[in-house]
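Visitor: Sequence:
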Amino acid sequence: MDYSAAFALLDAYVNAIHSSKPEALNELFTADGTVNSPVCGIKPAKQFYYDWLKEIDSVRITVLNKFINPDNPHSIALHITLHLVKNNNAVDFPAVDVFELNGTLDKIKTLTILFDKSILAPRSKEQKLT
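Residue 1 is where the sequence shown starts when you use the numbering used here, and the numbers rise one by one after that.
It is worth saying that the hints were derived from the structure and are not from the lab.
Careful, some of the hints might be misleading.
Claimed, not checked - Simulated pairs of lysine to aspartate or glutamate, EDC-like, Cα-Cα distance not exceeding 16 Å:
id	residue 1	residue 2
1	Lys-109	Glu-55
2	Lys-54	Glu-23
3	Lys-21	Asp-71
4	Lys-43	Asp-57
5	Lys-66	Glu-100
6	Lys-46	Glu-23
7	Lys-66	Asp-11
8	Lys-21	Asp-51
9	Lys-43	Asp-2
10	Lys-107	Asp-57
11	Lys-21	Glu-55
12	Lys-46	Asp-71
13	Lys-117	Glu-100
14	Lys-86	Glu-55
15	Lys-86	Asp-51
16	Lys-66	Glu-23
Claimed, not checked - Pair by pair, the computed Cβ-Cβ distance ranges are:
id	residue 1	residue 2	range
17	Lys-54	Asp-2	32 to 40 Å
18	Ile-42	Ile-68	34 to 42 Å
19	Val-85	Ser-37	30 to 38 Å
20	Thr-30	Ala-90	31 to 39 Å
21	Ala-5	Leu-120	16 to 24 Å
22	Glu-27	Lys-54	14 to 22 Å
23	Pro-70	Ser-118	17 to 25 Å
24	Pro-73	Ser-118	31 to 39 Å
25	Ile-42	Leu-120	29 to 37 Å
26	Pro-70	Gln-47	18 to 26 Å
27	Ser-37	Asn-15	32 to 40 Å
28	Glu-55	Ser-118	15 to 23 Å
29	Asn-69	Lys-43	18 to 26 Å
Ideal placement from N, C-alpha and C gives every residue a C-beta, glycine not left out.
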């Protein structure tokens, strides 16, 4: 199976995250696409990215690995490091984004984001990152 469309979609996803434009991300999802996050639960993708990008100052993703499920080629994952900045506080943490793609591998149906949400817990002044 040719995964070039799927990998192009993942590259477009990373670029859209870096653009901080919810509309760029929404174009990558099916009309009924959803995001499941440890913090927000399941939301329509359009609402999730609008809310999330409004809350943070900036975000960068470093892709460490790409995985394809050999038993389900529509399931692909990115192992990433996420760099978030909010209110002049920065945090870097590992995460895995698991994508369920449509039949032609060119749109995201569901995205499940996996990370330890305790990383985002409020920090004391001594622990804050700048």
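Visitor: Does Lys-21 pair with Asp-71 here, judged by a C-alpha cut-off of 16 Å?
Guide: Roughly 33 Å separates the two Cα atoms, so the pair is violated.
Visitor: Hinted pair, alpha-carbon criterion (16 Å max): Lys-66, Glu-23. Please report holds or violated.
Guide: The given pair, whose Cα atoms are some 24 Å apart, is violated under the 16 Å limit.
Visitor: Mind checking the alpha carbons of Lys-107 and Asp-57 for me, to see if they're no more than 16 Å apart?
Guide: violated, 27 Å
Visitor: Given the hint of 18 to 26 Å, is the C-beta distance from Pro-70 to Gln-47 inside that range or not?
Guide: The hint (18 to 26 Å, Cβ to Cβ) is violated, given that Pro-70 and Gln-47 are roughly 33 Å apart.
Visitor: Between the alpha carbons of Lys-21 and Asp-51, is the straight-line distance 16 Å or under?
Guide: holds, 11 Å
Visitor: Given the hinted pair Lys-117 and Glu-100, is their alpha-carbon gap at most 16 Å?
Guide: Judged against 16 Å, a Cα distance of about 22 Å means the pair is violated.
Visitor: Can the suggested window of 31 to 39 Å be confirmed for the beta-carbon pair Thr-30 and Ala-90?
Guide: Since Thr-30 and Ala-90 have Cβ atoms about 33 Å apart, the given range 31 to 39 Å holds.
Visitor: Please check whether Lys-54 and Asp-2 have a Cβ separation lying inside 32 to 40 Å.
Guide: holds, 37 Å
Visitor: Going straight from one Cα to the other, do Lys-86 and Glu-55 come out at no more than 16 Å?
Guide: Cα-Cα ~7 Å, so holds.
Visitor: Between Ser-37 and Asn-15, is the Cβ distance one that fits in 32 to 40 Å?
Guide: violated, 20 Å
Visitor: Mind checking the alpha carbons of Lys-21 and Glu-55 for me, to see if they're no more than 16 Å apart?
Guide: holds, 13 Å
Visitor: Range first: 31 to 39 Å. Now tell me if the beta carbons of Pro-73 and Ser-118 are that far apart.
Guide: Given range 31 to 39 Å: holds, Cβ gap about 34 Å.
Hints 1, 3, 4, 9, 10, 12, 13, 16, 18, 19, 21, 23, 25, 26, 27 from the list above are not met by this structure, while the remaining hints are.
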